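A.B. asks: Assemble chain B onto chain A, guided by the hints.
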Amino acid sequence: MIFGMWDGALFHIGPIPVDHLVVTEWALILLIGCISYFATKNMQIVPRGLQNAFEAIIIWTYDFFTQLMDEEHVAKKWAPVLTAFFLFILFSNYSGLIPGAANVKGFQPPTSNWNVTMTLALITFFSVHIAGFSEHGGHYFKHFVSPSPAMLPLNLVEELAHPLSLTVRLFGNIFGEEMVIAFLLFMAPFIVPGAIMGLSLLLGAIQAIVFTILSASYIAAAAGEGH
Amino acid sequence: MGVALGAGLAVSIAGIGGGIGMGIAGGKAFEAIARQPEVGGDVRTLLFITLAFIETLTIYGLLIAFMLVGKA
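If you're matching them up, the sequences are chains A and B in order. Here the first sequence stands for residues 47 to 273, where the numbers follow my numbering. Here the second sequence stands for residues 29 to 100, where the numbers follow my numbering.
The set of hints was computed from the structure by calculation and includes no laboratory data. Since the structure is predicted, the reported quantities are computational estimates derived from the model, not experimental observations. Beta carbons are placed, not taken as given, at the ideal position from N, Cα and C, and that holds for glycine. Careful, some of the hints might be misleading.
To be verified - Residues of chain A clear of chain B, computed beta-carbon distances all greater than 10 angstroms:
#1 I81
#2 M89
#3 D116
#4 H119
#5 F134
#6 I169
#7 H189
#8 S192
#9 G218
#10 G222
#11 M225
#12 L230
#13 G244
#14 I255
#15 L260
As the list claims (entries may be wrong) - A few chain B residues facing chain A, derived, Cβ under 10 angstroms:
#16 V67
#17 G69
#18 D70
#19 V71
#20 T73
#21 F76
#22 L79
#23 A80
#24 T86
#25 Y88
#26 L90
#27 L91
#28 F94
Next comes chain A alone, as it looks inside the complex (with noise of 0.2 angstroms):
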């Protein structure tokens, strides 16, 4: 496996094949519940620890999307969905930080594949047309056909290329970013791949971030004024 494809599964559901970077998905999804779990089981009205660090990332990415979205309902009612795509990107950006972890299977970031990020990117999809179509109702529907019925051909093309920069986005940054740190492991496998490595530290990071702004300005952009 090399570029991103099938690899073949590891075990089936019934008729549904699973491979190890679903796994790793939901390994991930675990970790990131059971430190939500523990960062709120008993919380205080002064928070301390864990429970602060949440409570600033919430407060953060709320106030962002309120600002973003200029209605607060709007972001109230999606500030939940893009949280946690932040939580789980960033946690899968961070999984491949484990040395040689780009080849060994199973500790590959699920983000370097790009079925992972298309995934996440069609969420992101069907997330703005419901925002919009719930906003909106009908009258969504206008504004592809919004200068003029000629500029519709376009103006689909638009919505579809949206989805598509956002996989190609995530998912070339940290495949690249893997290949890197694996061809840095084969020549000096000592020292050498950690400047890389602070440096995708920061990377995954900034990436989880702007898929989440991205993701956050579709919605907005559907779900504001103008249609």
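C.D. replies: Here is chain B on its own, set in the frame of chain A:
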């Protein structure tokens, strides 16, 4: 040989364009923040979104390079 050259050119030419674009965008954003520090937050958000769009074009080149190398 040709495939390797093509892969190198794909990523390097894409990198030149993306680099110039990011440099201009980042420089202008810093100018704006230096001139008016109170809009720093807004400018930073817009800068991130813009850089993400620019970077996608470079990543397309990188993707083509990987495809070419994987094929050979």
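A.B. asks: Could you run down the list of hints and mark each one as holding or not?
C.D. replies: Results of checking the hints against the structure:
1. Annotated as non-interface, A/I81 keeps its C-beta farther than 10 angstroms from every C-beta of chain B; the closest such distance is 26 angstroms.
2. The Cβ of A/M89 sits about 29 angstroms from the closest Cβ of chain B, beyond the 10 angstroms cut-off, so the non-interface label holds.
3. A/D116, annotated as away from the interface, keeps every beta carbon of chain B farther than 10 angstroms; the closest lies near 14 angstroms.
4. The beta carbon of A/H119 is kept farther than 10 angstroms from every beta carbon of chain B, the shortest such distance being approximately 22 angstroms.
5. Residue placement check: A/F134 keeps its beta carbon more than 10 angstroms from all beta carbons of chain B (closest about 18 angstroms).
6. At roughly 18 angstroms, the least C-beta separation between A/I169 and chain B is larger than 10 angstroms, which holds for a residue marked as non-interface.
7. Distance to chain B confirms A/H189 as a non-interface residue, since its nearest Cβ pair spans about 20 angstroms, more than 10 angstroms.
8. The claim that A/S192 lies off the interface holds: its Cβ sits roughly 21 angstroms from the closest Cβ of chain B, which is beyond the 10 angstroms cut-off.
9. For A/G218, the requirement that its beta carbon stay farther than 10 angstroms from each beta carbon of chain B is not met, with the minimum near 4 angstroms.
10. Not every Cβ of chain B is farther than 10 angstroms from the Cβ of A/G222; the closest lies at roughly 5 angstroms, contradicting the non-interface assignment.
11. At the 10 angstroms boundary, the C-beta of A/M225 falls inside the reach of chain B, the nearest C-beta of that chain being 7 angstroms off.
12. Against chain B, the non-interface label of A/L230 holds: every CB pair exceeds 10 angstroms, the least being about 17 angstroms.
13. Listed as outside the interface, A/G244 is consistent with that label: its C-beta sits roughly 20 angstroms from the nearest C-beta of chain B, beyond the 10 angstroms cut-off.
14. With a least CB separation of 7 angstroms from chain B, A/I255 falls inside the 10 angstroms interface cut-off, contrary to its annotation.
15. The non-interface label for A/L260 is inconsistent with chain B: the shortest C-beta to C-beta separation is roughly 6 angstroms, within 10 angstroms.
16. Because the beta carbon of B/V67 sits about 13 angstroms from the nearest beta carbon in chain A, more than 10 angstroms, this interface hint is broken.
17. Hint on B/G69 holds. Least Cβ distance to chain A is approximately 9 angstroms, under the 10 angstroms limit.
18. Interface restraint check: B/D70 against chain A, minimum CB-CB distance 9 angstroms, threshold 10 angstroms, status holds.
19. The interface hint given for B/V71 is broken, as the beta carbon of that residue sits about 14 angstroms from the closest beta carbon of chain A, more than 10 angstroms.
20. Interface hint at B/T73: satisfied, since its Cβ lies 7 angstroms from the closest Cβ of chain A, which is below the 10 angstroms cut-off.
21. Evaluation of the B/F76 hint against chain A yields a held restraint, the C-beta minimum of about 6 angstroms falling below 10 angstroms.
22. Hint status for B/L79: holds, given a least beta-carbon distance of 8 angstroms to chain A, under 10 angstroms.
23. Because the smallest distance between the Cβ of B/A80 and any Cβ of chain A comes to about 4 angstroms, under 10 angstroms, the interface hint for this residue holds.
24. At about 9 angstroms, the closest approach between the beta carbon of B/T86 and any beta carbon in chain A falls short of 10 angstroms, and the interface hint on this residue holds.
25. A least Cβ separation of about 7 angstroms between B/Y88 and chain A falls short of the 10 angstroms threshold, and the interface hint therefore holds.
26. At a threshold of 10 angstroms, the smallest CB-CB gap from B/L90 to chain A is about 5 angstroms, leaving the interface hint in force.
27. For B/L91, the interface hint holds, since its Cβ comes within 10 angstroms of a Cβ in chain A; the closest pair sits about 5 angstroms apart.
28. Restraint check, B/F94 versus chain A: the minimum CB separation of about 6 angstroms is within 10 angstroms; hint holds.
Of the numbered hints listed earlier, those contradicted by the structure are 9, 10, 11, 14, 15, 16 and 19.
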